[in-house]
Every structure is written in structure tokens, then in C-alpha cells.
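Asker: Sequences listed follow chains A and B, in order. Just so you know, we're using our numbering here: the first sequence kicks off at 1 and counts up by one. Just so you know, we're using our numbering here: the second sequence kicks off at 1001 and counts up by one.
FYI, nobody ran anything at the bench for these hints, they're computed from the structure. Each hint should be verified, as a subset may be incorrect.
As the list claims (entries may be wrong) - Looking from chain B toward chain A, a few residues come up when the C-beta cut is under 8 Å (computed):
1) Trp1007
2) Gly1016
3) Pro1018
4) Asn1032
5) Gly1041
6) Tyr1049
7) Ile1051
8) Ile1053
9) Ile1056
10) Ser1086
11) Leu1090
12) Tyr1100
13) Glu1101
14) Gln1102
15) Gly1105
16) Pro1106
As the list claims (entries may be wrong) - The calculated lysine to aspartate or glutamate pairs, modelled on DMTMM-like cross-linking and capped at a C-alpha distance of 20 Å, are:
17) A:Lys68 x B:Glu1022
18) A:Lys101 x B:Asp1071
19) A:Lys68 x A:Asp31
20) A:Lys42 x B:Glu1022
21) A:Lys101 x B:Glu1059
22) A:Lys56 x B:Glu1101
23) A:Lys71 x A:Asp55
24) A:Lys42 x B:Glu1101
Using N, Cα and C, we set each Cβ at its ideal position, and we do this for glycine too.
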Amino acid sequence: GESVGLHLPTLSVQEGDNSIINCAYSNSASDYFIWYKQESGKGPQFIIDIRSNMDKRQGQRVTVLLNKTVKHLSLQIAATQPGDSAVYFCAENTGGTSYGKLTFGQGTILTVHP
Amino acid sequence: SQTIHQWPATLVQPVGSPLSLECTVEGTSNPNLYWYRQAAGRGLQLLFYSIGIGQISSEVPQNLSASRPQDRQFILSSKKLLLSDSGFYLCAWTVAAGGYEQFFGPGTRLTVL
Chain A
1 GESVGLHLPT LSVQEGDNSI INCAYSNSAS DYFIWYKQES GKGPQFIIDI
51 RSNMDKRQGQ RVTVLLNKTV KHLSLQIAAT QPGDSAVYFC AENTGGTSYG
101 KLTFGQGTIL TVHP
Chain B
1001 SQTIHQWPAT LVQPVGSPLS LECTVEGTSN PNLYWYRQAA GRGLQLLFYS
1051 IGIGQISSEV PQNLSASRPQ DRQFILSSKK LLLSDSGFYL CAWTVAAGGY
1101 EQFFGPGTRL TVL
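This is chain A alone, in the form it adopts within the complex (with noise of 0.2 Å):
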């Protein structure tokens, strides 16, 4: 459903720092989770995915790790750079007879300084 709250959470970074987004999904049953970046006044763009089966997976300069105990989900953007200032959010998906619908986190306004 619609994310709820006022205001989405913001990161800020320095250009070259590393960045780290995080994201709580809400059932245990879901078996695959994406990020997407989306900016201002355009469609959000996959970035990377992971299911279930695994734990961690890798990249160019990102990397998504999957913690199903917790049911947490962050993704790491290496030497972070202006072009990478975007929304982020995640997303999961229950599989079975979900017909591919993604349940979307509220998502994290990243803002990179030069």
C-alpha cells in the first residue's frame, strides 16, 4: 500500500563516501527484493535484486545484502557520486500466485555534496 508519513528518510553524503539505504519488509514469506533509483519527474530504474535464497550480491558499485531474520534489506553505493542523488526504494514480492506485484517501501531521498 501508500507509504504512510509526512516526509520521507534522507541520507546525506560526500562525493567519494559510501552509502548505505536501508529498508524493513514486512513478510517473511516474500522471496525476492529489488532496489530502484527514481529522480525528479522520471520512473524509478532498476538498480540490482536478490532472492531469497541468498544473503548478499553484488554490482557495479552497489551491493544489496539481505538479512531474512531480522526481514531487513540495504543497499551500499561505493564512491558515491552527484548522479547517484535520486530516491531509492525497495521493493519485495511474495511469489506463488502474487502475479509478479511488488509491494514498495516508503523510500530514502539520497542527496550527494560535491
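For this one, chain A is given, so just place chain B on it according to the hints.
Answerer: Relative to the frame of chain A, chain B by itself:
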């Protein structure tokens, strides 16, 4: 390669007027299709999804409806817009069998005055 289109990109409509937003997908067959709404500074709320022509499931009660007249065409409609219908509308698709990653369109910014 697959592409997804939405139009119009922006729309300003008076309260009580009708609405029709269109989404089309190219380069794939029998996709699952989704409509989301995003209020300013908020996350994505799933409105409708479709697993085939003429098959529409509604996720939340609302003033909107959806239709899928063709395999790769998804339409979001309203007979009478409300102020609360303002938002950023996103269409997405995914592979029907097995894949979960959703690919999003560029979105339509709707302002109801």
C-alpha cells in the same frame, strides 16, 4: 529490446472532467501490466494490475478504472476526476512467467484543479 511508453507526459484537468491515460509496451508478449500512483514525496501505490487482455484486478477502491483492450496496451480512466486524483501515474510491466523485475514507463503528471 523492450520499451514502455506513456502519454500524455503531463496533464491538467478540471475537477469533474474525464481522464484517459495510455500505456503501451513494445518488444514483448503477454506481459503483466501495472498502474501505480505516486503522490508528491511519497512511495508507489499499486492501483491495478492485469495478467491478460480484459483481465483487470483492482488493488484499492477509488475513482479510477483500468482496461486492457490489447495485449500490450493498458489504459487508466476516470469518468469524473477529483482533486485527490492528482499525482504521478506510472505504468510498469513484467515478464508473466517467472520474472519479478518491473520495468517502468516515464510517467504522467496529472494535476486536477
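Asker: Given Gln1102 (chain B) was flagged as interface, is its beta-carbon under 8 Å from a beta-carbon of chain A?
Answerer: 6 Å, holds
Asker: Answer holds if the nearest beta-carbon of chain A is closer than 8 Å to that of Ile1051 (chain B); otherwise answer violated.
Answerer: Cβ of Ile1051 (chain B) sits 5 Å from chain A, so the hint holds.
Asker: For the hint on Trp1007 (chain B), just tell me whether its beta-carbon gets within less than 8 Å of chain A.
Answerer: Cβ of Trp1007 (chain B) sits 13 Å from chain A, so the hint is violated.
Asker: Run the distance test for Lys68 (chain A) versus Asp31 (chain A): straight-line Cα separation, threshold 20 Å.
Answerer: 10 Å, holds
Asker: Given Ile1056 (chain B) was flagged as interface, is its beta-carbon under 8 Å from a beta-carbon of chain A?
Answerer: Violated, because the Cβ-Cβ distance from Ile1056 (chain B) to chain A comes to roughly 12 Å (cut-off 8 Å).
Asker: Minimum Cβ distance from Gly1105 (chain B) to chain A below 8 Å?
Answerer: 5 Å, holds
Asker: Could you check if Gly1041 (chain B) really has its C-beta closer than 8 Å to a C-beta on chain A?
Answerer: 6 Å, holds
Asker: Do the alpha carbons of Lys68 (chain A) and Glu1022 (chain B) lie within 20 Å of each other, as the hint requires?
Answerer: Given pair Lys68 (chain A), Glu1022 (chain B) is violated - Cα atoms ~38 Å apart, limit 20 Å.
Asker: For the hint on Asn1032 (chain B), just tell me whether its beta-carbon gets within less than 8 Å of chain A.
Answerer: 5 Å, holds
Asker: Is Lys56 (chain A) close enough to Glu1101 (chain B), meaning Cα to Cα at most 20 Å?
Answerer: 18 Å, holds
Asker: Take the shortest C-beta to C-beta distance between Leu1090 (chain B) and chain A; is it under 8 Å?
Answerer: With Cβ-Cβ at 5 Å, under 8 Å, it holds.
Asker: Just to be careful: measuring from the Cβ of Pro1018 (chain B) to every Cβ in chain A, is the smallest value less than 8 Å?
Answerer: 24 Å, violated
Consistency note: the structure conflicts with the earlier hints numbered 1, 2, 3, 8, 9, 10 and 17.
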